[in-house]
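Peer 1: Residue numbers (the working numbering): 1055 to 1616.
Quick caveat, the hints were computed from the structure, so don't treat them as lab data. Warning: the hint list may mix true and false statements.
[Unchecked claim] Estimated spans, in silico, between C-beta atoms of each pair:
hint : residue 1 : residue 2 : range
1    : ALA1110   : THR1491   : 47 to 53 Å
2    : GLU1597   : GLU1560   : 25 to 31 Å
3    : PRO1139   : LYS1226   : 56 to 62 Å
4    : GLU1199   : GLY1233   : 41 to 47 Å
[Said to hold, decoys possible] Below, a list of computed lysine to aspartate or glutamate pairs in the DMTMM-like style, where the Cα atoms sit at most 25 Å apart:
hint : residue 1 : residue 2
5    : LYS1419   : GLU1457
6    : LYS1460   : ASP1478
7    : LYS1106   : ASP1203
8    : LYS1225   : ASP1210
9    : LYS1106   : ASP1255
10   : LYS1424   : GLU1457
11   : LYS1578   : GLU1606
12   : LYS1275   : GLU1457
13   : LYS1361   : GLU1140
14   : LYS1460   : ASP1470
15   : LYS1106   : GLU1257
16   : LYS1564   : GLU1490
17   : LYS1106   : GLU1093
18   : LYS1449   : ASP1255
19   : LYS1538   : GLU1597
20   : LYS1275   : ASP1309
21   : LYS1556   : GLU1594
22   : LYS1424   : ASP1414
23   : LYS1234   : GLU1257
24   : LYS1225   : ASP1446
25   : LYS1449   : ASP1423
26   : LYS1234   : GLU1279
27   : LYS1593   : GLU1561
28   : LYS1547   : GLU1490
29   : LYS1547   : GLU1560
30   : LYS1538   : GLU1552
31   : LYS1434   : ASP1446
32   : LYS1116   : GLU1102
33   : LYS1173   : ASP1232
Built from N, CA and C at the ideal position, the CB exists for glycine as well.
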Amino acid sequence: YPGFFLIFHETLFCLNTSEMSSNSIPGVTVLAPVTGPQEQILSREALEFLAKLHRAFNHTRKTLLQRRILRQQELDRGVLPDFLPETAHIRENDTWRGASLAPGLVDRRVEITGPVDRKMVINALNSGAYTYMADFEDSNAPTWENNLDGQVNLRDANLRTISYTNPGNGKKYSLRTDGKLATLIVRPRGWHLNEAHVLIDGEPISGSIFDFGLYFFHNAKRTIEIGIGPYFYLPKMESHLEARLWNDVFNVSQDLLNIPRGTIRATVLIETILAAFEMDEIIYELREHSSGLNCGRWDYIFSVIKKFRHNPNFILPNRADVSMTVPFMDAYVRLLIKTCHRRGVHAMGGMAAQIPIKNDPNANKIALDKVRADKLREVKAGHDGTWVAHPDLVKVALEVFNENLKTPNQIYVRRDDVNVSALDILNMNVPGSITETGIRNNVSVGLTYIESWLRGLGCVPIHNLMEDAATAEISRSQLWQWVKHRSRTADGKTVTPEYLIKLLDEEVGKIEKQLGAQRFGQTKYTLAKRYLASQITGKEYAEFITTLLYPEITGVHQKAKI
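Produce the entire structure from the sequences given, and follow the hints as far as they go.
Peer 2: Okay, structure coming up:
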């Protein structure tokens, strides 16, 4: 590929890119161009730091990923998860606590989340939210440019020098000086994802270590200087052993930069069904670094479908019917709040998918009323804060939390009344049905999101909801599961591969008609259709849609055969 580095005998030769001979490090290979401010991010010192982390921890990471495969085989045999007997002593010990509340993280009543593009970073920090989760994961398509530019943007944000001018209309964006900026929290990619453009000793570096390591290396000391610290959200974990690995990475990273252990804070997203059985253990492994847990609701629903996709007792109805009040979701929320408050850390609520709807006041009112109801449920349940995906929703969420939460948090609400069993967590008694409308919605969301992701966009408004990889995962996984078990719709139609492909063809045809042949030809819909079609027959099933699609946006590996 023009501009990509050619590697030969540990020497980097480049075509049409800036010279990087000063960055030649034994065993470290960069397979993509690094230009302008990106060179400051991917410096020799930063690469050496990443290499140390990779060499220390990648073997353990791969072992834990293999453990996931073995655990899935158990689930496929019908072995249901339960609280671990070998860690009962941790759950039953009432004396240990998580870390003390860190500067900038005492009050987290409204957190805004979003990708790491420059305009989003500025708007999120200015939004009036208490914190901002800058996302390298589900709302970011991990192109090389997105990842490195995102690191540049976060560095500039912490330096308080970030600005942006819209090339279309000349509008300028900069950090506000008339009020408090949101505390920055960074979400790296999950343990399962690689960064294909950087090889250490011939193998791709972990996306988790790449994202975390670069941010920590360039920003840890600066964040301390400005009165906060290096703070993180940790996604997609399936066991406390994966939390232990993160804790080890934190300790070594702090040691390498001569930063006291316990400076880092990390909030773990409980967004897999297996992690729900190990909440105490996850906080325990991260003790001096723990800043709580978060209800990652959409990935959690995806995880339930994925992990039990072969089990007919775990078939869920339309996505719209799987609300936060259905039994298995309600149990998960109550257990998370009780666990966090017992251990002295934040119990964070999740994301309402609604976004403001312009030019339709009635529809906008309905959407905002749904957001208010969701946030009211969270604060009444005992959550210490909540998530929004759009700056205009910050005020809505703040109004609800300010009215109902008069202290910086409600960790003092112990929820001793809660007693959640394994059966409660696995209670799939969910009212609702499978309808053609629900099927078509899944097809539409899956197709549209995949097309956008292939163009480098990871956060996409679809049907007046803000969709990211998690909701696309729900869509394609439900379709797979319904076909696998030949589920019937409310009007008696059997869901078959042929039926879904027919609906997919209709959806693509509708889009092509709307766009016109010329504009349609400039999109990725044809490729997106092929990928989605490969995942909805009840046979082939990728562990994550993002890992399936990733080679399409790297140019490094051979494309998947679909």
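Peer 1: Out of the numbered hints, which ones does the structure contradict?
Peer 2: Numbers 4, 6, 12, 18, 23 - these are the hints that the structure violates, sorted from lowest upward.
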